[in-house]
Each structure stands twice: as structure tokens, then as C-alpha cells.
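Protein chains: 2
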Amino acid sequence: MPTTKPTIILVDPQMGENIGAAARAMHNFGLDELRLVNPRDGWPSANAITMDAGALERMQPVRVFQTLAEAIADLHFVVATTARPRDMIKPVFTPRGAATEINTHTNNNQKTGIVFGAERMGLINDDIALCHAIATIPCNPDFSSFNLAQAVLLMAYEWMAQNDQTPGHTLNTGDSFPATQDKCEEFLSRLEFELNQRGFFRTEEIRPTMKRNIRNIFVRAGITDQEIRTLHGVVSSLIGK
Amino acid sequence: MPTTKPTIILVDPQMGENIGAAARAMHNFGLDELRLVNPRDGWPSANAITMDAGALERMQPVRVFQTLAEAIADLHFVVATTARPRDMIKPVFTPRGAATEINTHTNNNQKTGIVFGAERMGLINDDIALCHAIATIPCNPDFSSFNLAQAVLLMAYEWMAQNDQTPGHTLNTGDSFPATQDKCEEFLSRLEFELNQRGFFRTEEIRPTMKRNIRNIFVRAGITDQEIRTLHGVVSSLIGK
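So the sequence lines, in the order shown, correspond to chains U and G. Following this note's numbering, the numbering of the first sequence begins with 209 at its first residue and continues without gaps. Following this note's numbering, the numbering of the second sequence begins with 209 at its first residue and continues without gaps.
All the pointers check out, no bait thrown in.
If chains are identical, the list can't say which one is meant, so a pair holds when it fits in one copy or spans any two.
Quick list of in silico lysine-lysine cross-link-like pairs, DSSO-like style, CA-CA up to 27 Å:
{"hint": "1", "residue 1": "Lys449", "residue 2": "Lys391"}
{"hint": "2", "residue 1": "Lys449", "residue 2": "Lys419"}
{"hint": "3", "residue 1": "Lys391", "residue 2": "Lys419"}
{"hint": "4", "residue 1": "Lys298", "residue 2": "Lys319"}
{"hint": "5", "residue 1": "Lys298", "residue 2": "Lys419"}
{"hint": "6", "residue 1": "Lys298", "residue 2": "Lys391"}
Honestly, the hints are just simulated from the structure, not real lab data.
Take these sequences, add in the hints, and give me the full structure.
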């Protein structure tokens with residue numbers, strides 16, 4: 209993870225609950241610096257605590273500012289989130305594109321920020337003009353109003369995803385381990401032997417196809433040592449041993 | 209967009225507000241089929257409506273089931289979301305990986321589902337065992353408890369992102385258009401001329417570097433027609449014309 213993380217800035221947030229939920233969302237992805245511009249109901253907020261799931265006390269102390277200009281004065285690169293296209297000549301990023309761009313700045317030790325507007329109205333154009341770029345979340349065009357904390361969550365999620373090495377797909381095998389080919393073959397040979405004893409393969413012509421079909425089930429499943437042992441037990445049980 | 213979309217299934221959801229918020233989150237990304245297993249406070253729920261921002265009435269009618277097995281009976285591929293690793297031999301996906309996998313199934317006209325557990329406890333192992341795969345959201349290991357609707361949001365977001373063609377970065381130029389090179393050159397030549405008249409280039413040695421530095425500001429900004437006109441006005445104003 210980079211040492212410099214984006215700061216989250218909420219402009220004119222109304223409900224303390226939303227500030228708390230936003231804090232929880234950003235901290236779920238490791239962000240810990242939250243700034244507020246002109247929060248309607250003041251700060252600190254008891255309502256925020258009801259929704260933060262303990263995030264605020266784990267983060268840096270929240271700082272409150274009168275204007276967005278003051279809140280971002282020490283930052284080098286700032287992204288404004290907005291749903292509506294603005295008549296402003298600005299780079300527009302998806303959340304993923306914005307996360308990549310933010311990384312290019314943090315990798316150069318620049319301080320970055322992501323700005324969110326008030327619950328109902330979003331950011332005003334003068335605030336957006338202060339920012340270097342816009343991030344817009346691609347969404348259902350017929351239902352594009354996001355909860356404030358949800359918007360914060362997505363931007364924080366994409367930031368962390370940029371810096372996360374978790375493979376998209378793994379096989380969780382717990383204490384077990386994928387079976388080696390020979391263990392798999394041993395089981396399949398035994399199964400074939402027992403099936404053959406009981407006349408399962410009605411004709412010799414059908415045998416290769418049936419064997420292949422059965423094999424594919426277990427190979428495709430990525431069968432483990434433990435499962436091979438379980439299957440041996442299943443066969444033993446079925447044949448009455 | 210594919211014609212088949214994943215169904216969202218909430219198991220043992222407690223608060224109606226969370227069901228409403230989950231509906232809003234999924235519908236933000238175009239999902240419209242929600243199923244509930246054994247909702248604690250029953251269904252329909254007035255509390256859900258307070259948090260859905262109108263999503264529920266735009267979606268398919270919510271269906272309620274007694275068990276997860278019944279709720280997913282007609283589906284072909286089902287992903288369980290869980291934060292904790294389970295001692296179960298299962299493929300584990302990131303949200304992005306799960307979205308890719310879901311797509312491979314929906315592209316084959318299979319019906320898919322994404323299952324979420326109750327707010328506090330998540331899914332029980334018997335419910336997870338019914339599912340083909342697990343999705344786990346990579347997050348801050350010290351603060352990994354997600355709000356239910358937030359987890360729904362991320363899975364729905366990744367599903368839509370798979371099917372969305374929005375470029376990661378565009379330049380929003382509104383009604384304007386990037387300036388052609390010759391308009392840019394014309395402005396830079398005029399600027400150089402006026403600067404030269406006023407002795408801006410103190411030495412001939414410094415001139416090429418200064419010209420290049422000034423040029424880079426405007427080229428890097430991807431200056432538009434409208435902005436070139438504005439800049440001509442700025443220069444005219446500064447020289448007192």
C-alpha cells in the first residue's frame with residue numbers, strides 16, 4: 209500500500225448519520241482522513257457515532273473547514289465526484305480510472321483528495337472548478353441517485369482495489385490440498401473396476417465416453433486429497449464393504 | 209447489457225431499512241430482482257420504503273421464501289458473499305472475479321444469484337454449502353464489517369462495471385472542442401510576440417526553454433477552442449488593447 213492515501217472531503221453534509229456511514233465506508237477500505245466543510249448540524253455529531261460502527265475513533269481526528277478551498281489547500285490533486293455532467297472543461301474519470309490517476313499522484317508523494325457534495329444537491333460548479341478532475345459513477349441511467357456513504361464506499365473501494373493483490377479467483381481448500389493426478393487416477397480406476405464388476409458399462413463402445421464423462425466431473429471440480437478419501441468411503445459404502 | 213441479470217437474495221435480513229437500502233443500491237446498478245429468505249420483521253415493510261429512494265416500486269415484486277434452498281431453486285449459478293474464510297472447499301472470488309464468473313453463466317442464458325447473510329452474523333455454513341462459489345470483498349483487515357446494503361452495492365457495482373463501456377478517462381469539453389494545433393500555435397506565436405515586445409525573454413539563451421515551458425502548460429491541458437478565445441482575450445486585456 210502506498211504511504212499516502214486520499215483524503216475524503218464532504219462538502220455541506222447534512223445528516224450526521226451520513227457522515228458516520230461515510231466514515232465506516234472509507235475505513236472499510238483503509239482510508240482514515242476525513243474532512244468536513246460546513247456540516248449543517250455541526251461537529252462532533254452524536255448521530256454520526258450511531259452509524260460509524262466504531263470507524264471514527266480508529267481514524268485520524270476529523271477536521272472541519274468553512275470552505276472547500278480551505279479544506280483542500282494542502283492537497284496536490286483533487287477529484288470531485290458528481291453524477292450530472294457539468295458544462296465545464298475537465299477530465300472525467302470512472303471510479304476505477306480515478307483510482308488509477310490518484311495512484312499516479314500518490315506514487316509521487318503528492319497529497320490527494322476526493323470531494324463529495326451534499327446529500328441532495330451535490331457539488332456546486334464553483335467547488336468543482338477548484339478540483340483537477342471529475343469522477344462519475346457509471347450506473348442505471350433511470351436511477352442514478354446515490355446515498356452519500358455509498359458514493360464514498362465505491363471511491364474508497366476502487367482506491368483499495370488498485371493497491372490490492374487478491375487474485376480474482378482462488379480455490380479455498382482449507383486444510384486440504386488439491387489431489388495429485390495419481391491419487392485421482394487411483395480412485396477413478398477403482399471406481400471403474402467396481403462399476404465394471406456390476407455391469408455398469410453396458411457395451412464396450414460406451415465405456416470410453418462414460419469413463420471420460422465421470423473423470424471430467426472430478427477433474428473439473430479440482431478435487432482435493434480429503435475429498436478423494438471421502439469418495440473412496442462413498443464407494444466402499446455403496447458396494448457394501 | 210445481458211438480458212439475464214443476477215438475482216439478489218437476502219437471508220434472514222433484520223431491519224427493513226437495510227432491505228430498502230439494499231434495494232436502492234442494487235437498482236442503482238440496474239438489478240431489479242430481490243428475494244428475501246425469512247425476513248425478521250416480515251414483508252412488505254414500511255421501514256424499507258423509507259430507505260429505498262423509490263427503488264422497490266421500480267423493481268420486480270420482491271418474493272419471500274422460507275429457506276435459501278427454495279429461494280435459489282430455479283437458479284443455475286449462485287455466489288455466497290462472506291467476509292470470513294470458511295473451512296469449505298469452494299472457489300473464492302473477489303467481487304470483480306465473481307462478476308466475471310457470473311457473466312460467463314448469464315452469457316449462456318443461465319440464471320444467477322448473489323446471496324447475502326444477516327446483518328450481524330452473515331451466512332451459516334449450510335447456506336454457503338448450497339452455493340457454487342464464495343465472494344469476499346478485499347478490505348481493511350482491521351475493520352472488515354460491512355453494512356448489508358454496502359455489500360450489495362459493491363457486488364451490483366462490479367456486475368454493472370463488467371457490462372459497462374464507459375472509458376476510464378475522458379475529457380469533458382462540453383460544447384467546445386479541443387483546439388487544433390494551428391489555433392494553438394497562433395495563440396502561442398501571438399503570446400511570444402507580445403512578450404518579446406516587452407522584454408520578457410531576458411536573454412536569447414533562455415528563450416527556447418521559456419517558450420517550451422509555456423507551450424507545455426497549454427498542450428498538457430488539452431486546450432479547447434473556447435479556451436483559446438478566452439486566452440486571446442486575457443492577453444489583449446493585459447497588454448491594454
